[in-house]
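If you want the building blocks of each chain, they are given just below.
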Amino acid sequence: MKEYAYYPGCSVEKMALSYHMSAMETTRALGIQLKELEDWNCCGTTAYFHVDQILSHALCARNLAIAEREKLDLVAVCAGCYKNLYFANAHLKNDPDLAEHVNVALSEDQLNFAGTIAVRHLIEVFIQDVGLEAIQAKVSHPLTGLHVAPYYGCQILRPRKDHEDVEQPRFFEDLLTAIGATAVEYPDRLRCCGSSLLLTSRPAALGMLRTLLQSAVDSGAAVIATACPLCQVNLECYQNQVNHEFGTDLSIPVLYFTQLVGLALGIPPDKLGIGKELVLPTPVLSSVGR
Amino acid sequence: MAERLSFSDEVSNLLYAAHGNPLTTCIQCGTCSGTCPVVPYMDHTPRRLIGMITAGLKEEVMASNTYWSCASCYHCNVRCPQGIDIAELMYALKRLSIWRAQHKEGLIGPVFSETFVKTIFKSGRSYEPVLATSYLFTFGVQEFLQEAQTATSLMLKGRLPVLPPRIKRLDNFGRMLRRIIPMGDAK
Amino acid sequence: MNSQKHLLIIDDDPDFVAGIRSILESANYLVDVAYNPKDGFEALQSKPYDMLLLDIMMGRGAEGVMVARKMRKDPKLRELPVLIITGIREQIAFLFPGGPVHPRFVEVDELVEKPVEPKLLLERVSALLQSAQAKKASPA
Numbered sequence: 001m002k003e004y005a006y007y008p009g010c011s012v013e014k015m016a017l018s019y020h021m022s023a024m025e026t027t028r029a030l031g032i033q034l035k036e037l038e039d040w041n042c043c044g045t046t047a048y049f050h051v052d053q054i055l056s057h058a059l060c061a062r063n064l065a066i067a068e069r070e071k072l073d074l075v076a077v078c079a080g081c082y083k084n085l086y087f088a089n090a091h092l093k094n095d096p097d098l099a100e101h102v103n104v105a106l107s108e109d110q111l112n113f114a115g116t117i118a119v120r121h122l123i124e125v126f127i128q129d130v131g132l133e134a135i136q137a138k139v140s141h142p143l144t145g146l147h148v149a150p151y152y153g154c155q156i157l158r159p160r161k162d163h164e165d166v167e168q169p170r171f172f173e174d175l176l177t178a179i180g181a182t183a184v185e186y187p188d189r190l191r192c193c194g195s196s197l198l199l200t201s202r203p204a205a206l207g208m209l210r211t212l213l214q215s216a217v218d219s220g221a222a223v224i225a226t227a228c229p230l231c232q233v234n235l236e237c238y239q240n241q242v243n244h245e246f247g248t249d250l251s252i253p254v255l256y257f258t259q260l261v262g263l264a265l266g267i268p269p270d271k272l273g274i275g276k277e278l279v280l281p282t283p284v285l286s287s288v289g290r
Numbered sequence: 001m002a003e004r005l006s007f008s009d010e011v012s013n014l015l016y017a018a019h020g021n022p023l024t025t026c027i028q029c030g031t032c033s034g035t036c037p038v039v040p041y042m043d044h045t046p047r048r049l050i051g052m053i054t055a056g057l058k059e060e061v062m063a064s065n066t067y068w069s070c071a072s073c074y075h076c077n078v079r080c081p082q083g084i085d086i087a088e089l090m091y092a093l094k095r096l097s098i099w100r101a102q103h104k105e106g107l108i109g110p111v112f113s114e115t116f117v118k119t120i121f122k123s124g125r126s127y128e129p130v131l132a133t134s135y136l137f138t139f140g141v142q143e144f145l146q147e148a149q150t151a152t153s154l155m156l157k158g159r160l161p162v163l164p165p166r167i168k169r170l171d172n173f174g175r176m177l178r179r180i181i182p183m184g185d186a187k
Numbered sequence: 001m002n003s004q005k006h007l008l009i010i011d012d013d014p015d016f017v018a019g020i021r022s023i024l025e026s027a028n029y030l031v032d033v034a035y036n037p038k039d040g041f042e043a044l045q046s047k048p049y050d051m052l053l054l055d056i057m058m059g060r061g062a063e064g065v066m067v068a069r070k071m072r073k074d075p076k077l078r079e080l081p082v083l084i085i086t087g088i089r090e091q092i093a094f095l096f097p098g099g100p101v102h103p104r105f106v107e108v109d110e111l112v113e114k115p116v117e118p119k120l121l122l123e124r125v126s127a128l129l130q131s132a133q134a135k136k137a138s139p140a
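If you read the protein sequences in the order shown, they are chains A, B and C. With my numbering, letter number 239 in the first sequence gets 239, and the count goes up by one each step, no holes. With my numbering, letter number 96 in the second sequence gets 96, and the count goes up by one each step, no holes. With my numbering, letter number 68 in the third sequence gets 68, and the count goes up by one each step, no holes.
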């Protein structure tokens, strides 16, 4: 059984608990093991970049060094954490002065960064390491007839890491097809949802959110799939506020890809954290006959 | 005596470690502005902001809301034909505006970032309710009530934490961060 | 031989640099300036200086600390006196609720906070230069 160090990230502790639950359930069913990173700390989000980027790298380096001690690649589920950990790893590897400086700090916690592990996002592990065929082979409750809008968001794709297609990616659509669902095409699948602006530039965030939700609804989607807790909370929990602001009548459930995969694998909805939503995913459940 | 440094040079010094090409390679094509999802809410588009930096309009640049409106979505970055790290430019301007206290008045962004950084310094992990109280007072009554309603709904679904999370080796963590930012009051 | 002392300033704030540069030059010091840590370190390696005046918050963050730490590991630069002149306590005041910069976490000879009085600046510079000279004359 392939094992990874698992970085939950702050939002998964409570706000996105269902992402954590469904990640644990589906990985177990797919034959991979996520081992929660011992005493992990916040990745710093973008807020640390606004004050001191070296501090931000130090925060990430502590997590990377703990994973190195375990000799395991580090898997993140939040797109923001993934991006921060990935690039901290890359920058520290390419800049020995920076790594040496950060290591002086890490020695306070008896840790050392050497750059020996890789940082991955869980959706990437599903597609590249488990493989679509292997996933398809385990589907017992295909989501036939369910129209899903795959929402890539920003930081899984961007900034460009090395070879990936940042303009026309298909992996999310392919994953949905593998579990029997129909991936709808809509123009805003790569466009930012504005979650980082929700607290700081509210009108901008609500406007961006409205455009995105409308684009998904107009494409005939019954549900939106995400791979990021910040996108999920923004897209789902703020629909009421968008409706209030713009006089719209939006009400589309937003689920994690792990929840959809889990349902297709026959895992009971409550074990995937389904039921904690503000917009209930009724069409999803009826499509798998629950 | 040497010439006084231009604002354009001041910004490139701030970006000395960035991975993109220098701002002076910008051809003002506007791909960034056409891509940016936040443009309708910005005082100046990203293309224009870069032009203003090159032109040395320091006060106008620093007083704009453009860089604090950046959502860090990196869409401009992957499309810039000149390979300029535009998102990093926005981060750099945010830092400069905090360090020199030169940002536009009334922005929530700087207050939020500072509160966030402080929270992580103290506990190692983020805690939504602490962050919420630091910005909610800046909202109007209507927004406040809506936000409170969303928070209550989340609380009822068990999606908001009651107690702040903490990492275990917090003392080590605090000393670690003070090796980067040499502040006092460490144990 | 010319006894004029050669100082290097590494600081990213053009206004501040213009100010202290003219103070130092009027006291007959020879002054070079680097506006970012990379240029600064290159300057340090390109010629011998008598003293470094170093800012903390530059570029990505608290890079002055990084420069000071790197110098202390370099046999050629280890003995160079370093005076940190920083506004860090004001620049990121939210992290310094009353607490000063902690000497334990930054290995430099002396630290003064911005804004700095011309008289105080010249006193500190001259005292550090003298003690460096004394150290060189009678190595411990």
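Calculated directly from the structure, the hints in this document are not laboratory data. Among the clues, some could well be false.
What the hints assert, rightly or not - In silico DSS-like cross-links for lysine-lysine, where the CA-CA straight-line distance does not exceed 25 Å:
id	chain 1	residue 1	chain 2	residue 2
1	B	LYS104	C	LYS47
2	B	LYS58	A	LYS35
3	C	LYS5	A	LYS93
4	C	LYS119	C	LYS38
5	B	LYS157	A	LYS271
6	C	LYS136	A	LYS93
7	A	LYS71	B	LYS104
8	B	LYS118	C	LYS114
9	B	LYS58	C	LYS114
10	C	LYS38	B	LYS58
11	C	LYS38	C	LYS114
12	A	LYS93	C	LYS114
13	A	LYS276	B	LYS168
14	B	LYS104	A	LYS14
15	C	LYS38	C	LYS135
16	C	LYS119	C	LYS70
17	A	LYS71	A	LYS138
Unchecked claim - Have a look at the derived ranges for each label pair, beta carbon to beta carbon:
id	chain 1	residue 1	chain 2	residue 2	range
18	C	LYS70	A	THR248	36 to 42 Å
19	C	GLY99	A	PRO96	29 to 35 Å
20	B	LYS157	C	LYS70	46 to 52 Å
21	C	GLN4	A	GLU100	30 to 36 Å
22	B	ASP43	A	LEU280	36 to 42 Å
23	A	ASN94	B	ASP43	34 to 40 Å
24	C	ALA127	B	PRO40	53 to 59 Å
25	A	GLU38	C	LYS76	40 to 46 Å
26	A	ASP129	C	ASP39	29 to 35 Å
27	B	ILE27	C	ASP39	37 to 43 Å
28	B	ARG4	A	ASN94	32 to 38 Å
29	C	GLY19	A	SER107	49 to 55 Å
30	A	GLU38	C	ALA127	44 to 50 Å
To be verified - Here are a few chain A residues that face chain C, going by a calculated C-beta distance under 10 Å:
id	residue
31	HIS57
32	PHE246
33	LEU250
Here a beta-carbon is modelled for each residue, glycine too, at the ideal position from N, C-alpha and C.
These are the hints, each one checked on the structure:
no.	hint	result
1	LYS104/B to LYS47/C	violated (42 Å)
2	LYS58/B to LYS35/A	violated (49 Å)
3	LYS5/C to LYS93/A	violated (39 Å)
4	LYS119/C to LYS38/C	violated (30 Å)
5	LYS157/B to LYS271/A	holds (15 Å)
6	LYS136/C to LYS93/A	violated (38 Å)
7	LYS71/A to LYS104/B	violated (47 Å)
8	LYS118/B to LYS114/C	holds (23 Å)
9	LYS58/B to LYS114/C	holds (22 Å)
10	LYS38/C to LYS58/B	holds (24 Å)
11	LYS38/C to LYS114/C	holds (23 Å)
12	LYS93/A to LYS114/C	violated (35 Å)
13	LYS276/A to LYS168/B	violated (29 Å)
14	LYS104/B to LYS14/A	violated (34 Å)
15	LYS38/C to LYS135/C	violated (29 Å)
16	LYS119/C to LYS70/C	violated (30 Å)
17	LYS71/A to LYS138/A	violated (29 Å)
18	LYS70/C to THR248/A: 36 to 42 Å	violated (56 Å)
19	GLY99/C to PRO96/A: 29 to 35 Å	holds (32 Å)
20	LYS157/B to LYS70/C: 46 to 52 Å	holds (51 Å)
21	GLN4/C to GLU100/A: 30 to 36 Å	holds (35 Å)
22	ASP43/B to LEU280/A: 36 to 42 Å	holds (40 Å)
23	ASN94/A to ASP43/B: 34 to 40 Å	holds (35 Å)
24	ALA127/C to PRO40/B: 53 to 59 Å	holds (57 Å)
25	GLU38/A to LYS76/C: 40 to 46 Å	holds (41 Å)
26	ASP129/A to ASP39/C: 29 to 35 Å	violated (44 Å)
27	ILE27/B to ASP39/C: 37 to 43 Å	violated (27 Å)
28	ARG4/B to ASN94/A: 32 to 38 Å	holds (34 Å)
29	GLY19/C to SER107/A: 49 to 55 Å	violated (38 Å)
30	GLU38/A to ALA127/C: 44 to 50 Å	holds (49 Å)
31	HIS57	holds (8 Å)
32	PHE246	violated (35 Å)
33	LEU250	violated (37 Å)
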